[in-house]
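First to last, the sequence lines map onto chains F and V.
Heads up, the first sequence is in this note's numbering, so the first residue is 1 and it goes up one at a time.
Heads up, the second sequence is in this note's numbering, so the first residue is 1 and it goes up one at a time.
Keep in mind that a hint or two might mislead.
Claimed, not checked - Simulated pairs of lysine-lysine, DSSO-like, Cα-Cα distance not exceeding 30 Å:
# : chain 1 : residue 1 : chain 2 : residue 2
1 : V       : K471      : V       : K529
2 : F       : K107      : V       : K666
3 : V       : K471      : F       : K55
4 : F       : K88       : V       : K666
Just so you know, these hints were derived from the structure itself, not from any lab.
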Amino acid sequence: MKKQILFLALVSLLAILGCETSVDLMDEDKALYTVYASNNMDDPIHFIRVKDMSKPLIHEEDGVLNAKVILNNLTDGTFEVLRDSIIKFNGVKTHNFYTANTEHGKKYELKIEGSDGRLLTATATTPDIVIAEVITESGFCDTPLVFRFYPIHDVRQVVVRFTFPKAPGIVYPEEVWLGENDTLFMKSNLLEAIRTGFLSGKMTCSDLESPEVILSWGIVGPGFYDYTFSDTLGIPGGYGYFRFFSPGSTDRFALDLH
Amino acid sequence: MKYKLLLVLPILAASSGFIFSQTTSVLRIIVLEKGQQPITGATVLLYEEGSEDFSDYCISTIDGFCEFRSLADSLYTIRISFIGFKAHSEDIKIGLGQTKVETIILMESTSELDEILIVGDRQITTGEVGITRITSEDLSRIPSMNIEGDLMAYIQTVSGVVTVGDQGGDLYIRGGTPAQNQVLIDNIPIVKPFHILNLFSALPEQAVSNIEIFAGGFDNQYMGSTSAVIDATLKTGDFTKYSSSVSFSPYISSLFFEGPTRKDERSLMFSGRVSTIDKYSGYLGTKEQDLRFNDFITRYSIQGNGFNCNFTGILTNDRGRINERRENYLEWSNTGLGARCFGYDERFEHPYEISIGFSRYVNSEGDGNITEREAKVTQSYMRFDLQEYLYGLKIDYGFNIIAQGSAVKIDEKFTLLNQFNKITPNLQLYAKTELNPFENIQIQPGLSSQLTPSHPPTFEPRVRFMFKPLKNERFEVSLATGLYNQLMDGITDERDAGTTFTAYRPNDRGEPLPSAFHAILGVRNRIGKNWKTNVESYYKSHRNIPVSKWQPLAKLETETTLAKSNNYGFDINIEYSGNQLYLYAGYGWSKSEYSAESEDLGAWVGEQIFKYYPPHDQRHKLNTILSLRTGKIETSLNWEFGSGMPYTQILGFDLFLVIPREDPTKFAGQARTLFSRPYSERLPVYHRLDASVKRSFTLSNRLEMTTEIGCINIYDRRNVFYLDLNLLERVDQAPILPYAGIKLALQ
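Next up, chain V with everything else stripped away, as it sits in the complex (with noise of 0.2 Å):
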């Protein structure tokens, strides 16, 4: 009965939106640049005739989609504005019942801004707490040792985000781990997209339409994560013309490409990247580093009437070891298929989005030679998300069918993970609206929940709220809080910082879901043209999260017990963004504690562990960004201080010995090392400073070279990684790593 129900649900909830019934005159804009792809974020304004104070707004979507409702048989006049584009202001004529589609193609402005283009960011924002919006000229600001950015080295510079170190391609998200968060790209979900040098993911600058971070407090539409959601929308290729591009650095090189496959309609992008570090890192006066990635990302998109579809293809790899001296490869691999339409026809009375795919995510560890663990994830989901409207109020909802497989083979660390091979069949559900009852005061209130066959469905209601005590949009309070519920849970050895590996299973074992109680209050500001500050205070409490029980001794097997989390602390940032100039300062205080949820957390010599702070707990952050453009050159700076993480100390080494079976006179006794209260100690604090130069010239018409130099760790601070265990060293961050990119682009 289950079964049919889930086939039934997506016709039924499908068929209602694509049931014409016109009612009320409607205007769709789609929001587009030259080449016809989507534009994310832009103002559009609504005036109604001979009025000059705007009746209503929209921002445009990631489909570049806008909509009004409710309007009457008149001439309207919208106004668009983004930033790098000229304003566009146009008259349309409604008829009564009308459903009209208008699309908009934005002219990219090379003169002073007009006076409605707002700098930097679109002029009106509501809800932001708790999310940091991202573009691929944001990226491209952060000196990345390659001459594009990377979201990899921008996602570090955000408060509340943290690395243990500068490999492994973690990310720990205001207390969050990386088995909490979920990262989608086009929808698809991705588990780990972030290579093993972490300033490089399968999420280049080229490549990259919009991303957003949902640092907690995000809405019904995200399911299945406990802490933080990454989700990026790829570029769709250009619909007009061809471009290409090749870049060269020591450490990485990209091939580039976009254009259309049938003007007008159909386009094709194409990134592919290729590490090189492992062949010329030595050249450079550097270590040399034993690590290898590659990333490539494709795009099939097609604008047709009434819609837009795209196909996307994700293949991502990785392999090498943190510490060179220790024989441990760590291998990930992404694999994403995934396609996303998106349908706005004027006979359909909403828009509706449905999306498809499959994803495969395999992490190994070895000695090079033999795999010792291996885990997959596999993930094919089918995603409707509609729209409707009830009494007035919109309602956003939708569906999403997920069939989740995990495999373990077994691996001697956590005796509770036996080999095994499961799909489980989850079914998850939202709805949300959006309320006003004041001209100043939006509530965006939500429920959802996921149907699994081995707990009872989950209740997850969230609600954001937004204050403008000023009646302006330059001034805005927002709260978001919300439960969540996460039914797969991903289990890594946190006492080994060389290892990345993680066991994912469903949590089919009888235990609580994990869950979390995510509270954000945040307050914007916008100071001028050009200034803006941000302050968020959070708190984040996870609930049942399987953690590696403490035992003593090193290379020992460990068991998984449930640990509860609570993580809470504020962000405060300011930035400056001109036509020239652009400076971020971001300071965040965090505070991470694990306790245990009923019995202990493990032992350590002669005492039970009850509570630690792990080794993500990052007390201060502090990140400046300077980026200045002078022509044609861009110059960036960047620098990170960190104060420093917990970290285990040893206690001793030992030579056990099983008396009186085993007589001292005649037997060694086994090697073991012992460990300290467990992150009693804190690494030294960190800091590093990067900065780029990059140049363009225009070569001809058609062809331009961009150029880039610049150095990461620029005075060569020896910042601690981690303490290996196994090899009894201290294991550093990258030292000083000057490199030097080229860039030819062809259009």
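So that you can see chain F by itself, here it is in the shape it has in the complex (with noise of 0.2 Å):
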């Protein structure tokens, strides 16, 4: 009986002693890949940055992404397989992969497929091609005003912003705006909805008497803006942003408020 305490006290204190120290620094089941797209659909070439998560800096300077980048076009069942083109940052090597074929309203799904198995998809709507007017012209300061962008699925894919002499920016929540089919209308009157804005108080009326009004946009992808303040929109996984946008303005134009 002894002997058997003894050596099961030796098993367990060899058991104890020869225990696993080793610690994983990384929690590589869960590093996939970072992914920087926010591409200008007016660009003719649209960039992604792709990054392997699991290396450190430090050991980007092989300039080796063990990786395929894939561009599928799910709207129309083609893909294509993207070209890299490695920049140069003080040593640091980074992969740039490139194409020239998206199109306007097309979903698009990124896959990257990583030699090691891991595998990381983003997938993102490129906007339509959309008609901009401004309805209301004219009008008092406290007359809502009317724009029309169509075609538009979400009264989100419109970020709408203004520039007044005395206001180089001003953009407008997306609170500020009630959509109805394809109308955007103004909530309120636009000194109210200014106030709202980044300079909130220090407009009044007769600061909005200007005939140098500029209505800028942008149309981003149905779903879009669900992620807007999100670091990790629309990639399970992975980290960063992969996105399109159609940027637009008016001319000049007279905002009459009397």
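Fit chain to chain and form the complex, with the hints in mind.
This is the structure in structure tokens:
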């Protein structure tokens, strides 16, 4: 009995002494890739930055990304294996894949297939070609403005900016807008809307009497806005952005507010 | 008006203790050792004339003081016992209405123990739940890379005490963080008397008389901390003869001196230690360690007629890098000056204690040339501890007037901490009493309150309850519970174990005060003369703890948010204490969890965080100690085992681009590290065996030499300390560390 106890004690001690001391610094099951792509549909070539998250920067000097990057056009059922343009910044090589084949109004899936089996997918829909019209160009200071963008599937696809002489940039938050079919209405009058903007309280009605108002906008694909303030824009397990936008602006026009 | 009250209160309160009103006979005993230093913890039994059973007892305090009241005009016998000393018996005649003070000097015992001498501990213990009492002998049993023991090496063997590695000097006690602990040395609040190497503190064996660790449930006398209190009393210098010693080891050298400056009346004790680990660590085949520290403590004692006063000075300095490959230097220093007087003169109806002092703590962090962050805490205090009897009840009460200053230089990690320098006045008040409704039941209720300009007065009721079901001193069930508040809080970056920088700040931001509820239940049992067991279970709930708000990115500004923590667990300890052999085994199970007080605790990639296990959440801890004394040789073994503590994995590395403004073909992006879910993984188990063999040689009548050889981490276990997210590497705790030491003592 005594021998058995001693044996058990010895085995227990050896088990403890020999137990594992290694530590996984990286959460390798979760470390996939970061993607940075926010492309203007008007540009002829679209770049998509891809980085292996498991590689510290010091290891990026070899310039190898053991992964294949594919852009699937889910709308048409076609695909393109993207080519890498390696650009070196202070010894660190970055991988910037590019394509010249994106089209308006299509749904794309970016697929990164690592040679070690890691897989990351990200989806984005490119915006349609949108026509914008300023319907209300005159009225009083408290006249709600009406703009028309079409075709629009979701009011949140539009980010509008006014530029006034005294206020170089005012972005209206989406709460300002009401959407009805393809038309956007301001919920409130112009002055009140401005006051909810970035320059709240600094402008008066008289400040709006200017013939030099410029309306500019950005149109993004449907579903984009859900992720605008997220770092994981439609990239499960990854990090970064994969999105497209289509900018536009009016010529200078006057708001007759009297 | 409030400040006038502050001035008047001490005078009123103090005067009540000085009023001479002789209504009962009182016997006051002062228990001293041969050098006239007080003996703490001696059992004093009082026998009425002709009786074989003692009628009353008391335990000597840190001043060696013990008091019996309501005595008759009679002859009494007192019997005093304490480990290592010959039992003392003496008849004392007390007259009616007399207050008598007797000073008893116990002589050291060199032979077998007397029949009433209790081995290893005092005979009578009450209400010990949550309390660990440590003597210098306890410290000497733990190998500590030096010839003399140290509090820091010992305290890590106590169940429920956790360190997150072998460096940094931070102690987590039953789930409480270092900022929630309070350390008092001769009543001087010292923020961090622990050195950067976790085997050393400013409290070495030879300079310490008595240390009490209150792991929770402490009574109302202690205010200003929500988790634990370490109350240390320094050694009083010998009033009769001089002695000194020097010791050397590859890691630390020390000088000690004690002796009378006026025989039988005044004495001085000095202890100074300087680390040499940065110079010699590489010569022993171990890695070089860039750590430097020193500590100097002194105590000047006056033994008067009916009083004693101690003047204490403390200075500690630490500097070093926890990870040698990282240019991140940590520094901290403590300065403390204080005076404490205890009066027991027979002309006064009650004993009294007055303390006054100042302490300063500075901690900083930088790259070695530039200090990037710095935080200071200053504390000036004047404390009165008094006693009164009301309707037969002994009331211990007192107050503490504190001016707490804190200064922080702006730190990018804590955006809510602006650069500031503030002094906050506090008044702490307490009263506690003792009820004995039955022979075997004792209840110690108390109430305390802290007053500060920024908050309403705190309300902190506490109670300690003792029950002796067998109506003897061997078996005791105790309960301690209460509410606790803390006026100053400390914030550290828990994500980075490579730094211990803590920013202390007064809570004047309109947030609720950090608070805690403690409940501890303990069962102590003494079996025979040598065995002792102790089982405790505890629950500690902390509220309003400021923590760094979690963000998925390393090296990014961090806000603070409020968290609450639930901490619970149990400890089982068994101890054998014989003349030559000492054995101890302690197992502790604990769980600590932080959760959001109201909102969230931050977010990691794609997900908000509402709860996590903090990095000091250690589930299992086992400690065993063996100490064997054979002749002049003392062998000690200490084996520690701890389950892995939580750590955060890295999710990945990134070059962040602000798109579309930053074109990926023209900008590299900002390098950054992404965290995974906070503390979702656990480090491997930790275990370590330390050993030492000590032998003393008598070289002459006055000169004694002691040598020690030992080894820390004897089987060279690769214990993980932490994962350095800045360098992306694992940092291990100390490998095998052999050492040798020599000490020369001159009597």
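Against the structure, the hints:
no.: 1; hint: V:K471 - V:K529; verdict: holds, 18 Å
no.: 2; hint: F:K107 - V:K666; verdict: holds, 27 Å
no.: 3; hint: V:K471 - F:K55; verdict: violated, 68 Å
no.: 4; hint: F:K88 - V:K666; verdict: holds, 10 Å
The structure fails hint 3 only (numbered hints given earlier).
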